[in-house]
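S.K.: Sequence:
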Amino acid sequence: MLRSTMILKREEHASWPQNIIFQIATLLYEAWPEHRTIVQRQRDIANTNCCDRLLILSDEGKVIAHLRLEQSKISNCDGASAGIATSIVVNQDKRGQGLGRRLLSLAEKESEHRGWGYLYVEAIPSAIQFYQRCGYLESPNGAENDVPVLRLIDTTAIEILLQKSHNKEKITNKLWMRKRLLERSTRRVSIIPSQLESAAKMNGFSIIKTIESIIWEWEKQIGPSCGLAVLRILSCALNQIPCTTERICIEHDTLIFSASGSTTSTTHHESDSKNCPLLRRAKKLGLTNDGEFFDMGDLARLVNECLGLDVMLLESNRWKSLVQDCIDKGYLCIFAYDRDRNTHLPVFRSGLSAHYALCLGYARAANNNDTKVAAIAIHGVSPHPLIADIDDFYASSDQLRTAKYQTSTKEMLLARRLLILGKRR
1 MLRSTMILKR
11 EEHASWPQNI
21 IFQIATLLYE
31 AWPEHRTIVQ
41 RQRDIANTNC
51 CDRLLILSDE
61 GKVIAHLRLE
71 QSKISNCDGA
81 SAGIATSIVV
91 NQDKRGQGLG
101 RRLLSLAEKE
111 SEHRGWGYLY
121 VEAIPSAIQF
131 YQRCGYLESP
141 NGAENDVPVL
151 RLIDTTAIEI
161 LLQKSHNKEK
171 ITNKLWMRKR
181 LLERSTRRVS
191 IIPSQLESAA
201 KMNGFSIIKT
211 IESIIWEWEK
221 QIGPSCGLAV
231 LRILSCALNQ
241 IPCTTERICI
251 EHDTLIFSAS
261 GSTTSTTHHE
271 SDSKNCPLLR
281 RAKKLGLTND
291 GEFFDMGDLA
301 RLVNECLGLD
311 VMLLESNRWK
321 SLVQDCIDKG
331 YLCIFAYDRD
341 RNTHLPVFRS
351 GLSAHYALCL
361 GYARAANNND
371 TKVAAIAIHG
381 VSPHPLIADI
391 DDFYASSDQL
401 RTAKYQTSTK
411 EMLLARRLLI
421 LGKRR
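Read in order, the letters of the sequence shown are residues 1 to 425 in UniProt numbering.
There's no promise every hint is true.
27 Å max Cα-Cα, derived DSSO-like pairs, lysine-lysine [as the list claims (entries may be wrong)]:
1) 372 <-> 201
2) 320 <-> 209
3) 329 <-> 372
4) 209 <-> 284
5) 179 <-> 284
Honestly, the hints are just simulated from the structure, not real lab data. These figures come from a predicted structure and were not determined experimentally.
Please put together the full structure from these sequences, using the hints given.
M.R.: And the structure:
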(Lines of atoms letter the chains of each structure in order from A and count residues from 1; the text may use other names and numbers.)
(Lines give C-alpha, C1' and ligand atoms only; values in the text may rest on other atoms or scores of the structure.)
Protein backbone atom coordinates (compact mmCIF):
# COMPACT_ATOMS: atom_id res chain seq x y z
CA MET A 1 0.00 0.00 0.00
CA LEU A 2 1.37 3.44 -0.95
CA ARG A 3 1.87 5.58 2.11
CA SER A 4 2.29 9.34 2.16
CA THR A 5 5.62 11.08 2.70
CA MET A 6 6.51 14.30 4.45
CA ILE A 7 9.66 16.43 4.37
CA LEU A 8 10.25 18.77 7.28
CA LYS A 9 12.44 21.44 5.69
CA ARG A 10 15.24 23.00 7.71
CA GLU A 11 14.19 26.40 6.41
CA GLU A 12 10.76 25.90 8.03
CA HIS A 13 12.07 24.49 11.30
CA ALA A 14 10.21 26.99 13.48
CA SER A 15 6.86 25.74 12.16
CA TRP A 16 7.44 22.00 12.47
CA PRO A 17 4.33 20.42 14.07
CA GLN A 18 4.95 19.53 17.70
CA ASN A 19 3.00 16.29 17.43
CA ILE A 20 5.24 15.17 14.55
CA ILE A 21 8.38 16.05 16.52
CA PHE A 22 7.06 13.95 19.42
CA GLN A 23 6.38 11.00 17.09
CA ILE A 24 9.90 11.21 15.64
CA ALA A 25 11.39 11.27 19.14
CA THR A 26 9.27 8.28 20.14
CA LEU A 27 10.27 6.30 17.03
CA LEU A 28 13.95 6.98 17.67
CA TYR A 29 13.63 6.08 21.35
CA GLU A 30 11.82 2.81 20.65
CA ALA A 31 14.57 1.81 18.24
CA TRP A 32 17.48 3.01 20.39
CA PRO A 33 16.37 3.42 24.01
CA GLU A 34 19.84 3.34 25.57
CA HIS A 35 21.01 6.71 24.26
CA ARG A 36 18.38 9.36 25.06
CA THR A 37 14.95 9.59 26.58
CA ILE A 38 11.96 10.65 24.51
CA VAL A 39 11.99 14.07 26.15
CA GLN A 40 15.70 14.53 25.44
CA ARG A 41 15.23 13.53 21.81
CA GLN A 42 12.24 15.79 21.46
CA ARG A 43 14.29 18.69 22.80
CA ASP A 44 17.19 17.86 20.46
CA ILE A 45 14.93 17.84 17.40
CA ALA A 46 13.24 21.07 18.41
CA ASN A 47 16.58 22.81 18.91
CA THR A 48 18.32 21.49 15.76
CA ASN A 49 17.63 23.50 12.61
CA CYS A 50 20.48 22.36 10.36
CA CYS A 51 18.82 19.34 8.77
CA ASP A 52 15.74 18.05 7.00
CA ARG A 53 13.59 15.27 8.38
CA LEU A 54 12.21 12.87 5.79
CA LEU A 55 9.22 10.88 6.96
CA ILE A 56 6.86 8.17 5.81
CA LEU A 57 3.42 8.25 7.40
CA SER A 58 0.91 5.47 7.96
CA ASP A 59 -2.65 5.68 6.68
CA GLU A 60 -3.56 7.15 10.06
CA GLY A 61 -0.90 9.85 9.70
CA LYS A 62 1.53 8.31 12.18
CA VAL A 63 5.29 8.52 11.58
CA ILE A 64 6.51 4.99 10.73
CA ALA A 65 9.84 5.79 9.08
CA HIS A 66 12.38 8.57 9.53
CA LEU A 67 15.63 9.78 7.97
CA ARG A 68 17.70 12.78 8.90
CA LEU A 69 19.30 14.55 5.92
CA GLU A 70 22.09 17.07 6.36
CA GLN A 71 24.74 18.71 4.23
CA SER A 72 28.22 17.38 4.92
CA LYS A 73 30.43 19.74 6.89
CA ILE A 74 33.39 18.13 5.15
CA SER A 75 33.45 18.73 1.41
CA ASN A 76 34.74 16.39 -1.24
CA CYS A 77 38.19 16.86 -2.76
CA ASP A 78 36.63 19.21 -5.28
CA GLY A 79 34.95 21.38 -2.67
CA ALA A 80 31.53 20.20 -3.84
CA SER A 81 28.78 19.47 -1.37
CA ALA A 82 27.51 16.09 -0.32
CA GLY A 83 24.60 14.96 1.79
CA ILE A 84 24.63 12.63 4.80
CA ALA A 85 21.67 10.41 5.62
CA THR A 86 21.59 9.38 9.28
CA SER A 87 19.09 8.23 11.91
CA ILE A 88 17.39 5.95 9.39
CA VAL A 89 14.58 4.30 11.30
CA VAL A 90 11.71 2.06 10.21
CA ASN A 91 9.03 1.05 12.68
CA GLN A 92 9.59 -2.48 14.00
CA ASP A 93 6.22 -3.70 12.71
CA LYS A 94 6.59 -2.14 9.25
CA ARG A 95 9.91 -3.60 8.15
CA GLY A 96 10.17 -5.77 5.06
CA GLN A 97 7.73 -3.58 3.14
CA GLY A 98 10.28 -1.56 1.17
CA LEU A 99 10.03 1.54 3.36
CA GLY A 100 13.80 1.78 3.87
CA ARG A 101 14.44 1.78 0.14
CA ARG A 102 11.66 4.31 -0.41
CA LEU A 103 13.08 6.56 2.30
CA LEU A 104 16.54 6.46 0.71
CA SER A 105 15.05 7.24 -2.70
CA LEU A 106 13.30 10.27 -1.22
CA ALA A 107 16.60 11.41 0.36
CA GLU A 108 18.41 11.02 -2.95
CA LYS A 109 15.86 13.12 -4.82
CA GLU A 110 15.98 15.84 -2.19
CA SER A 111 19.80 15.80 -2.27
CA GLU A 112 19.80 16.12 -6.05
CA HIS A 113 17.42 19.06 -5.77
CA ARG A 114 19.88 20.76 -3.44
CA GLY A 115 22.74 20.16 -5.88
CA TRP A 116 24.62 17.63 -3.75
CA GLY A 117 26.83 15.35 -5.82
CA TYR A 118 26.81 12.40 -3.41
CA LEU A 119 24.76 10.95 -0.60
CA TYR A 120 26.67 9.23 2.23
CA VAL A 121 25.39 6.64 4.67
CA GLU A 122 27.21 4.82 7.43
CA ALA A 123 26.42 1.13 7.30
CA ILE A 124 26.72 -1.54 9.94
CA PRO A 125 27.81 -4.94 8.56
CA SER A 126 24.30 -6.41 8.30
CA ALA A 127 23.06 -3.41 6.27
CA ILE A 128 25.89 -3.30 3.70
CA GLN A 129 24.16 -5.59 1.20
CA PHE A 130 20.98 -3.54 1.45
CA TYR A 131 22.86 -0.37 0.54
CA GLN A 132 24.72 -2.14 -2.24
CA ARG A 133 21.38 -3.17 -3.76
CA CYS A 134 20.38 0.49 -3.59
CA GLY A 135 23.46 1.49 -5.59
CA TYR A 136 25.82 2.50 -2.77
CA LEU A 137 29.54 1.74 -2.93
CA GLU A 138 32.19 1.70 -0.25
CA SER A 139 33.68 5.15 0.23
CA PRO A 140 37.51 5.20 0.06
CA ASN A 141 38.07 6.16 3.70
CA GLY A 142 41.50 7.45 4.57
CA ALA A 143 42.22 8.89 1.12
CA GLU A 144 42.73 12.59 1.60
CA ASN A 145 41.47 13.35 -1.89
CA ASP A 146 38.07 12.11 -0.85
CA VAL A 147 35.82 12.39 2.19
CA PRO A 148 37.83 10.57 4.88
CA VAL A 149 35.74 10.35 8.05
CA LEU A 150 32.37 12.08 8.43
CA ARG A 151 31.36 13.13 11.87
CA LEU A 152 28.56 11.41 13.72
CA ILE A 153 25.35 13.38 13.90
CA ASP A 154 22.33 13.40 16.19
CA THR A 155 23.09 10.29 18.23
CA THR A 156 26.12 8.66 19.76
CA ALA A 157 25.68 5.89 17.20
CA ILE A 158 24.09 5.99 13.76
CA GLU A 159 20.66 4.40 13.89
CA ILE A 160 20.46 2.16 10.86
CA LEU A 161 17.48 0.03 11.69
CA LEU A 162 16.51 -1.64 8.45
CA GLN A 163 16.81 -5.22 9.65
CA LYS A 164 15.03 -6.98 12.51
CA SER A 165 18.31 -8.02 14.10
CA HIS A 166 19.40 -4.43 14.61
CA ASN A 167 18.79 -4.22 18.34
CA LYS A 168 21.02 -7.24 18.96
CA GLU A 169 23.87 -5.92 16.90
CA LYS A 170 26.47 -3.60 18.31
CA ILE A 171 27.41 -0.66 16.12
CA THR A 172 30.96 -1.66 15.36
CA ASN A 173 33.03 -1.86 12.21
CA LYS A 174 30.86 0.78 10.57
CA LEU A 175 31.52 1.46 6.91
CA TRP A 176 30.95 4.71 5.04
CA MET A 177 29.15 4.14 1.76
CA ARG A 178 28.13 6.63 -0.87
CA LYS A 179 26.10 6.94 -4.04
CA ARG A 180 26.81 9.39 -6.84
CA LEU A 181 23.67 11.42 -7.50
CA LEU A 182 24.83 13.98 -10.06
CA GLU A 183 27.08 13.17 -12.99
CA ARG A 184 27.73 16.79 -13.86
CA SER A 185 27.76 20.06 -12.00
CA THR A 186 25.58 22.97 -13.01
CA ARG A 187 28.35 25.38 -12.01
CA ARG A 188 29.98 26.63 -15.22
CA VAL A 189 32.04 29.69 -16.10
CA SER A 190 33.36 31.05 -19.40
CA ILE A 191 37.09 31.81 -19.45
CA ILE A 192 38.12 34.30 -22.11
CA PRO A 193 41.69 34.89 -23.42
CA SER A 194 42.10 38.21 -21.60
CA GLN A 195 41.61 36.41 -18.27
CA LEU A 196 44.58 34.19 -19.02
CA GLU A 197 46.73 37.23 -19.74
CA SER A 198 45.58 39.00 -16.58
CA ALA A 199 46.28 35.93 -14.46
CA ALA A 200 49.79 35.62 -15.91
CA LYS A 201 50.58 39.27 -15.22
CA MET A 202 49.31 39.00 -11.65
CA ASN A 203 51.80 36.18 -11.12
CA GLY A 204 54.73 38.08 -12.64
CA PHE A 205 54.60 36.50 -16.11
CA SER A 206 53.80 37.79 -19.57
CA ILE A 207 52.06 35.49 -22.01
CA ILE A 208 54.17 34.23 -24.87
CA LYS A 209 51.88 31.69 -26.50
CA THR A 210 48.38 30.26 -26.07
CA ILE A 211 45.87 28.60 -28.35
CA GLU A 212 44.41 31.88 -29.53
CA SER A 213 40.84 33.19 -29.42
CA ILE A 214 39.26 30.25 -27.64
CA ILE A 215 36.57 30.81 -25.04
CA TRP A 216 36.91 27.93 -22.60
CA GLU A 217 33.77 26.70 -20.84
CA TRP A 218 34.88 25.66 -17.37
CA GLU A 219 32.77 23.15 -15.45
CA LYS A 220 33.21 22.18 -11.83
CA GLN A 221 34.06 18.54 -11.24
CA ILE A 222 32.07 16.30 -8.94
CA GLY A 223 34.02 13.80 -6.86
CA PRO A 224 37.33 12.42 -8.19
CA SER A 225 36.50 13.35 -11.78
CA CYS A 226 39.36 15.77 -12.46
CA GLY A 227 40.34 13.88 -15.62
CA LEU A 228 36.79 13.97 -16.96
CA ALA A 229 36.56 17.66 -16.07
CA VAL A 230 39.39 18.61 -18.43
CA LEU A 231 37.88 16.39 -21.15
CA ARG A 232 34.57 18.18 -20.82
CA ILE A 233 36.33 21.52 -21.13
CA LEU A 234 37.96 20.18 -24.29
CA SER A 235 34.67 18.83 -25.60
CA CYS A 236 32.98 22.23 -25.33
CA ALA A 237 35.83 23.89 -27.26
CA LEU A 238 36.31 21.29 -30.01
CA ASN A 239 34.85 23.50 -32.73
CA GLN A 240 37.22 26.35 -31.74
CA ILE A 241 40.47 24.37 -31.55
CA PRO A 242 42.52 24.96 -34.73
CA CYS A 243 43.19 21.97 -36.97
CA THR A 244 46.57 20.74 -38.14
CA THR A 245 47.23 18.84 -41.35
CA GLU A 246 49.57 16.22 -39.92
CA ARG A 247 49.69 13.84 -37.01
CA ILE A 248 51.32 14.99 -33.78
CA CYS A 249 55.02 15.50 -34.36
CA ILE A 250 56.96 16.03 -31.13
CA GLU A 251 60.47 14.90 -30.22
CA HIS A 252 60.12 12.59 -27.27
CA ASP A 253 62.03 10.38 -24.88
CA THR A 254 59.65 7.52 -24.12
CA LEU A 255 56.45 6.94 -26.10
CA ILE A 256 53.83 5.12 -24.03
CA PHE A 257 50.77 5.31 -26.25
CA SER A 258 49.79 6.90 -29.54
CA ALA A 259 46.58 6.87 -31.58
CA SER A 260 45.12 8.80 -34.49
CA GLY A 261 41.82 10.56 -34.14
CA SER A 262 39.03 10.52 -36.67
CA THR A 263 37.23 13.60 -37.91
CA THR A 264 34.42 11.41 -39.20
CA SER A 265 33.77 9.50 -35.99
CA THR A 266 30.84 10.38 -33.81
CA THR A 267 32.05 12.41 -30.85
CA HIS A 268 30.11 12.68 -27.64
CA HIS A 269 29.27 16.34 -27.20
CA GLU A 270 27.76 16.31 -23.76
CA SER A 271 24.59 18.15 -22.93
CA ASP A 272 23.74 19.67 -19.59
CA SER A 273 22.42 16.40 -18.22
CA LYS A 274 22.91 14.21 -15.20
CA ASN A 275 23.54 11.38 -17.65
CA CYS A 276 27.15 11.93 -18.60
CA PRO A 277 28.26 10.19 -21.82
CA LEU A 278 31.97 10.41 -20.97
CA LEU A 279 31.58 8.85 -17.54
CA ARG A 280 29.16 6.24 -18.80
CA ARG A 281 31.49 5.30 -21.65
CA ALA A 282 34.53 5.15 -19.36
CA LYS A 283 32.68 2.82 -16.98
CA LYS A 284 31.56 0.62 -19.85
CA LEU A 285 35.17 0.31 -21.01
CA GLY A 286 36.26 -0.59 -17.48
CA LEU A 287 38.52 2.47 -17.22
CA THR A 288 37.03 3.94 -14.05
CA ASN A 289 34.59 3.34 -11.21
CA ASP A 290 33.60 6.89 -10.33
CA GLY A 291 35.50 9.15 -12.73
CA GLU A 292 38.99 8.58 -11.30
CA PHE A 293 41.89 7.79 -13.67
CA PHE A 294 45.01 6.43 -12.00
CA ASP A 295 46.54 5.50 -15.36
CA MET A 296 46.94 8.37 -17.82
CA GLY A 297 46.90 5.80 -20.61
CA ASP A 298 43.23 5.13 -19.81
CA LEU A 299 42.49 8.84 -20.10
CA ALA A 300 44.35 8.95 -23.44
CA ARG A 301 42.20 6.14 -24.83
CA LEU A 302 39.01 7.89 -23.73
CA VAL A 303 40.10 11.17 -25.37
CA ASN A 304 40.89 9.39 -28.60
CA GLU A 305 37.66 7.41 -28.72
CA CYS A 306 35.14 9.95 -27.46
CA LEU A 307 36.59 13.27 -28.68
CA GLY A 308 38.22 12.02 -31.88
CA LEU A 309 41.56 13.71 -31.17
CA ASP A 310 45.05 12.53 -32.02
CA VAL A 311 46.81 11.54 -28.80
CA MET A 312 50.42 10.93 -27.86
CA LEU A 313 51.29 9.92 -24.31
CA LEU A 314 54.92 10.56 -23.40
CA GLU A 315 57.11 10.12 -20.35
CA SER A 316 59.87 12.71 -20.15
CA ASN A 317 61.94 14.89 -17.85
CA ARG A 318 62.05 17.70 -20.45
CA TRP A 319 58.71 19.25 -19.65
CA LYS A 320 59.81 22.85 -20.14
CA SER A 321 60.86 22.36 -23.75
CA LEU A 322 58.07 19.88 -24.55
CA VAL A 323 55.26 22.12 -23.29
CA GLN A 324 56.57 25.08 -25.27
CA ASP A 325 56.99 22.93 -28.38
CA CYS A 326 53.44 21.60 -28.06
CA ILE A 327 51.82 25.01 -27.71
CA ASP A 328 53.95 26.49 -30.52
CA LYS A 329 52.67 23.75 -32.85
CA GLY A 330 49.03 24.22 -31.89
CA TYR A 331 48.70 21.24 -29.57
CA LEU A 332 47.29 21.05 -26.06
CA CYS A 333 48.56 18.84 -23.26
CA ILE A 334 47.28 17.27 -20.05
CA PHE A 335 49.43 16.45 -17.05
CA ALA A 336 48.99 15.29 -13.47
CA TYR A 337 50.52 16.74 -10.30
CA ASP A 338 49.87 16.96 -6.56
CA ARG A 339 47.51 19.89 -5.93
CA ASP A 340 47.58 22.13 -2.87
CA ARG A 341 44.06 21.99 -1.45
CA ASN A 342 43.84 25.78 -1.05
CA THR A 343 45.99 27.42 -3.74
CA HIS A 344 45.82 24.52 -6.25
CA LEU A 345 49.55 25.04 -6.93
CA PRO A 346 51.91 22.06 -7.30
CA VAL A 347 53.07 20.51 -4.01
CA PHE A 348 54.61 17.26 -2.78
CA ARG A 349 52.12 14.93 -1.12
CA SER A 350 53.11 11.53 -2.50
CA GLY A 351 50.01 11.33 -4.65
CA LEU A 352 47.46 12.06 -1.91
CA SER A 353 46.08 14.95 -3.96
CA ALA A 354 46.94 13.85 -7.50
CA HIS A 355 45.08 16.05 -9.95
CA TYR A 356 44.76 16.56 -13.72
CA ALA A 357 45.17 19.92 -15.44
CA LEU A 358 44.82 21.05 -19.05
CA CYS A 359 47.67 23.22 -20.32
CA LEU A 360 46.48 26.00 -22.64
CA GLY A 361 49.72 27.94 -23.07
CA TYR A 362 52.94 29.10 -21.50
CA ALA A 363 54.39 32.39 -20.28
CA ARG A 364 57.82 33.73 -19.47
CA ALA A 365 58.74 35.82 -16.47
CA ALA A 366 58.12 39.54 -16.96
CA ASN A 367 61.64 40.13 -15.62
CA ASN A 368 64.00 39.46 -18.55
CA ASN A 369 66.66 38.21 -16.14
CA ASP A 370 64.36 35.46 -14.91
CA THR A 371 64.46 32.26 -16.97
CA LYS A 372 61.29 30.76 -15.51
CA VAL A 373 58.63 29.51 -17.89
CA ALA A 374 55.14 29.03 -16.50
CA ALA A 375 52.38 26.74 -17.70
CA ILE A 376 48.94 28.32 -18.08
CA ALA A 377 46.40 25.69 -17.13
CA ILE A 378 42.80 25.12 -16.05
CA HIS A 379 41.35 22.32 -13.96
CA GLY A 380 38.09 21.10 -12.50
CA VAL A 381 38.21 22.57 -9.00
CA SER A 382 38.52 26.32 -9.66
CA PRO A 383 37.63 28.51 -12.66
CA HIS A 384 40.66 30.72 -12.02
CA PRO A 385 43.53 30.07 -14.45
CA LEU A 386 46.41 28.22 -12.85
CA ILE A 387 49.84 29.79 -13.38
CA ALA A 388 52.95 28.03 -12.08
CA ASP A 389 56.53 27.33 -13.12
CA ILE A 390 56.67 24.29 -15.43
CA ASP A 391 59.63 23.01 -13.41
CA ASP A 392 57.45 23.04 -10.28
CA PHE A 393 54.71 21.11 -12.09
CA TYR A 394 57.30 18.58 -13.25
CA ALA A 395 58.79 18.15 -9.77
CA SER A 396 55.34 17.59 -8.30
CA SER A 397 54.52 15.08 -11.05
CA ASP A 398 57.86 13.30 -10.66
CA GLN A 399 57.23 12.53 -6.99
CA LEU A 400 53.99 10.78 -7.91
CA ARG A 401 56.26 7.77 -8.47
CA THR A 402 56.29 7.43 -4.68
CA ALA A 403 52.50 7.62 -4.45
CA LYS A 404 51.23 6.24 -1.16
CA TYR A 405 47.62 5.96 -2.25
CA GLN A 406 47.06 2.90 -4.41
CA THR A 407 43.91 0.99 -5.25
CA SER A 408 43.59 -2.74 -5.22
CA THR A 409 43.12 -2.85 -8.99
CA LYS A 410 45.02 0.12 -10.38
CA GLU A 411 48.60 1.25 -10.09
CA MET A 412 49.11 5.00 -10.22
CA LEU A 413 50.77 5.65 -13.59
CA LEU A 414 50.90 9.44 -13.80
CA ALA A 415 54.43 10.51 -12.95
CA ARG A 416 56.37 12.55 -15.54
CA ARG A 417 53.73 11.92 -18.20
CA LEU A 418 52.40 14.39 -20.73
CA LEU A 419 49.32 13.65 -22.82
CA ILE A 420 49.63 15.60 -26.08
CA LEU A 421 46.41 16.34 -27.98
CA GLY A 422 46.00 17.40 -31.59
CA LYS A 423 43.08 17.98 -33.93
CA ARG A 424 43.44 17.21 -37.63
CA ARG A 425 41.32 18.19 -40.62
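S.K.: Each hint needs a verdict: does it hold in this structure or not?
M.R.: Hint by hint, here is what the structure shows:
| no. | hint | result |
| --- | --- | --- |
| 1 | 372 <-> 201 | holds (14 Å) |
| 2 | 320 <-> 209 | holds (13 Å) |
| 3 | 329 <-> 372 | holds (21 Å) |
| 4 | 209 <-> 284 | violated (38 Å) |
| 5 | 179 <-> 284 | holds (18 Å) |
This entry does not satisfy hint 4, going by the numbered hints stated previously; all others are met.
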